[in-house]
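Take the two lone chains and join them into the complex the hints point to.
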Amino acid sequence: MVVAPLSNPQSLFRDVLALDDVKGLLFLAETGQVLYSKAQDKHLSRLEQEDWNAISKTLARVREVDFFYGDDRIYLRRTAHGYLLVWMGGMAPVDMVKLNCEVVIASLP
Amino acid sequence: MSKKILVVDADRSLLLQLRNDLGQYRQKFTALLTENARAAVEAVRTQDVALIVAGSQLEFDGLSLPAYLFRQEVLTPVVLLAEPGQEASTDEASCVVRRLPRPVSSTVLAEEIQQVLANEALEGLLHGVSASSFFQFVEVEGKTCTISVNRSGDGDRGTLFFVKGRLLDAHYPELDGVAAALKILAWEKVDLAILNFCPLRHNRINRSIGSLLLDAAVAQDHAAAAEQGVELAPPLKHKPLLPLLQQSFAGREGVETVAEDTSWDDLLGLAQSLGKDLEVAPFELCSLSGLKDGTDLVVVPSTPPVALHVSRFANRDLVADKVLRLLEEA
Chain A
1 MVVAPLSNPQ SLFRDVLALD DVKGLLFLAE TGQVLYSKAQ DKHLSRLEQE
51 DWNAISKTLA RVREVDFFYG DDRIYLRRTA HGYLLVWMGG MAPVDMVKLN
101 CEVVIASLP
Chain B
1 MSKKILVVDA DRSLLLQLRN DLGQYRQKFT ALLTENARAA VEAVRTQDVA
51 LIVAGSQLEF DGLSLPAYLF RQEVLTPVVL LAEPGQEAST DEASCVVRRL
101 PRPVSSTVLA EEIQQVLANE ALEGLLHGVS ASSFFQFVEV EGKTCTISVN
151 RSGDGDRGTL FFVKGRLLDA HYPELDGVAA ALKILAWEKV DLAILNFCPL
201 RHNRINRSIG SLLLDAAVAQ DHAAAAEQGV ELAPPLKHKP LLPLLQQSFA
251 GREGVETVAE DTSWDDLLGL AQSLGKDLEV APFELCSLSG LKDGTDLVVV
301 PSTPPVALHV SRFANRDLVA DKVLRLLEEA
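Protein sequence lines, in the order shown, are assigned to chains A and B. Position 77, counted from 1, in the first sequence is what this note's numbering calls 77; the numbers after and before it change by one each time, with no gaps. Position 55, counted from 1, in the second sequence is what this note's numbering calls 55; the numbers after and before it change by one each time, with no gaps.
Same shape as in the complex, but just chain B (with noise of 0.2 Å):
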């Protein structure tokens, strides 16, 4: 069955011939064109869009149009026609899958969409599947994709962003990274539309898949008990240490503060990963030297972190060690 495609550029002339020269197409893709980047967007929210080709002049609403579409939470992938010496990708966020410098000829032009309706194009709908088997299928199997969550049955939606099995990042609306993955991950039920790419490459989340689900079962229950009027014990790990660690150790064993710190969330999460990599024993905790301010610390991987800064004259490693049996009988 034929696909639609979009072609918004500026320059007129080029849209005229690829009017006449992508017809030969129409088997395997119908192209709508634009000059006009407004109606571009408006197409791309009425009509079923696989991909766009985009001038790299049109701007919608101060961004490039790739952006603003992401922005909109349009996945679909997009070709960018770009200016001679503009080929190189940059960091702005978007579906751009492939970038093609100008001039660019009808025949190259075609085969580019057509690899990109087979490789990135949507890969697949999934209908009221069990979301945490498949996210974490999507860990084990090492995927590169975007899923658009839709919660079967009331609209919520929702988007993930893996590559290479990693959860990177996560949107919603109103939230981003860990808050939006936690959200999405506590549906039970969900339909998914599955795209073979993934267009961003920072990771904002660092963490597994399981220890998402846990956290977002864990707030669920919590949730669930709140409307119910009854108060959960929190769970094991989230026990409040704070109060635990500030009693055994304010002023001894050269522990200076114990405080909440989340400025080693992404070391936390990077020590996650690793004991995963190596399929040993959960994390437990982590002990830095040669910080800036001349302490060292020990922070356990709580909800929120704790750091205890000690002393550069005292052991850390002791410090460590008191810390991990503590966890041990809390």
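Isolated chain A, as found in the complex (with noise of 0.2 Å):
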């Protein structure tokens, strides 16, 4: 199934990446598809590499899932069109960073 690109990520994104210490987003389809990338460091396109499709049945059992690495922490909300992930350092407003979250997800079409 090829999933429809988004009309105008950037400007969908943009309060959430816009927000301190928020390093990169992505948006993927289940299948891992790309819908949208974008961050600070080159090291996040790595995380296309996944295989998403395998852990798909899993990450249907949550809704959200926080991952925490030290300082830094990578937000997965999982959506009808599939993950977006939230990557942010230890000073990132992580409540607004979900919330911001949450109103892109109610735009989405």
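Don't read these hints as lab results, they were simulated from the structure. By construction, the Cβ of each residue, glycine as well, lies at the ideal position given by its N, Cα and C atoms. Please note that the accuracy of each hint is not assured.
[What the hints assert, rightly or not] Quick list of in silico lysine-lysine cross-link-like pairs, DSS-like style, CA-CA up to 30 Å:
1) A/Lys57 x A/Lys23
2) B/Lys28 x A/Lys38
3) B/Lys4 x B/Lys143
4) B/Lys143 x A/Lys42
5) B/Lys3 x B/Lys164
6) B/Lys143 x A/Lys57
7) A/Lys38 x A/Lys23
8) B/Lys4 x B/Lys28
9) B/Lys292 x A/Lys57
10) A/Lys23 x B/Lys28
11) B/Lys322 x A/Lys23
12) A/Lys57 x A/Lys98
13) B/Lys3 x A/Lys57
14) B/Lys164 x A/Lys57
15) A/Lys57 x B/Lys4
16) B/Lys164 x B/Lys183
17) B/Lys322 x B/Lys292
18) B/Lys4 x A/Lys38
19) A/Lys42 x B/Lys276
20) B/Lys292 x A/Lys98
21) B/Lys143 x B/Lys164
22) B/Lys183 x B/Lys143
23) A/Lys98 x A/Lys42
24) A/Lys42 x B/Lys164
25) A/Lys23 x B/Lys4
26) A/Lys23 x B/Lys183
27) A/Lys38 x B/Lys183
28) B/Lys28 x B/Lys143
[As the list claims (entries may be wrong)] Restraint ranges, calculated between C-beta atoms of paired labels, are given here:
29) A/Thr31 x B/Leu63: 25 to 33 Å
30) B/Leu318 x A/Thr31: 31 to 39 Å
31) A/Asp20 x B/Glu141: 31 to 39 Å
32) B/Ser133 x A/Gln33: 43 to 51 Å
33) A/Glu102 x B/Asp321: 17 to 25 Å
34) B/Gln136 x A/Gly90: 26 to 34 Å
Below is the structure:
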């Protein structure tokens, strides 16, 4: 199944990316197809190589996951279209990031 | 030097045609031909066959011939002659690297044979190498390969399956997955036979080579100590966290239960992998929300993993923070 590209994704995710210490954002279809990607760091693109299809059954059991790595956090939010991943540093306002993600998800087609 | 290939197909007229036509390639390969699956299995066991051409109609022991051979740890690449309409690949695990639709001309088949021999057939043999260094090299270099690992000196044998540097699976007699990988990665000096392809696609392991090597080394230390009658203290990350977390949280902070839970192993594997991708600090724990039973979860990637069920009325971030502080002090 080919997921339709997002219209104007830069505008869609601008507010999330503008928050302090948000290092990158990745929006993937369940199959792992990249729908949108933006990062200050080139390493984010490596996440696209994960086998997202293989993990989709487990991720279907939850709405969202926070992964903790020292000061860094990856927030993964499952949506009807796939997965929204936000990579944050220690200074990121996590609640604001999550709130803005909910606003974005609500406005997705 | 001419390599040996095995052609097995139920169509006798095809075999006769190939016997005549493939003779001109004898400088590059010599073909053994049979219409019998049992004879083919025997030939693979007794002869040094670099490639198998197999008709898709052949079965052995209730499996397709390629699937049977794979189950027997025969990792010789297979060119499958498929019936029209059956060219698409299946989920069946096998070493099929090419599917050619029938009818197939000798020229086309010979070209495919030569390509496979050049690309996917045995890449190399290494003797007496340091296993840990080599497998980390495969991971770092992002190689796709199947490695047959023989423990130097005693004939113990297993197989590791890599795709783009990720260890997908491991096989050892009576063991698969992480258990087999830990067994094989504990060997110090090994002989390796490396094939330039991987027949598997599903990742059963979801852990880095580094973390598996560490666990394998720890298990080896404990086994060696046990043989000498010495009891080692468990390493820091394997300290029994369950009693500590139960003591700290039972009935408090909105935590309803604290228990071992291995059902999130693949998620924890993903977390490890994401952390490695981004080159951040080691993965510490994850917190999950939106489970069907209405609770939230904080999962600690210990051995085995421990899950704290947090009431949805409680603050799972606070629980996660407290667990992190406990882990630092532990």
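Go through the numbered hints given earlier and state which of them the structure violates, listing their numbers in rising order. Numbers 2, 10, 13, 15, 18, 25, 26, 27, 32, in rising order.
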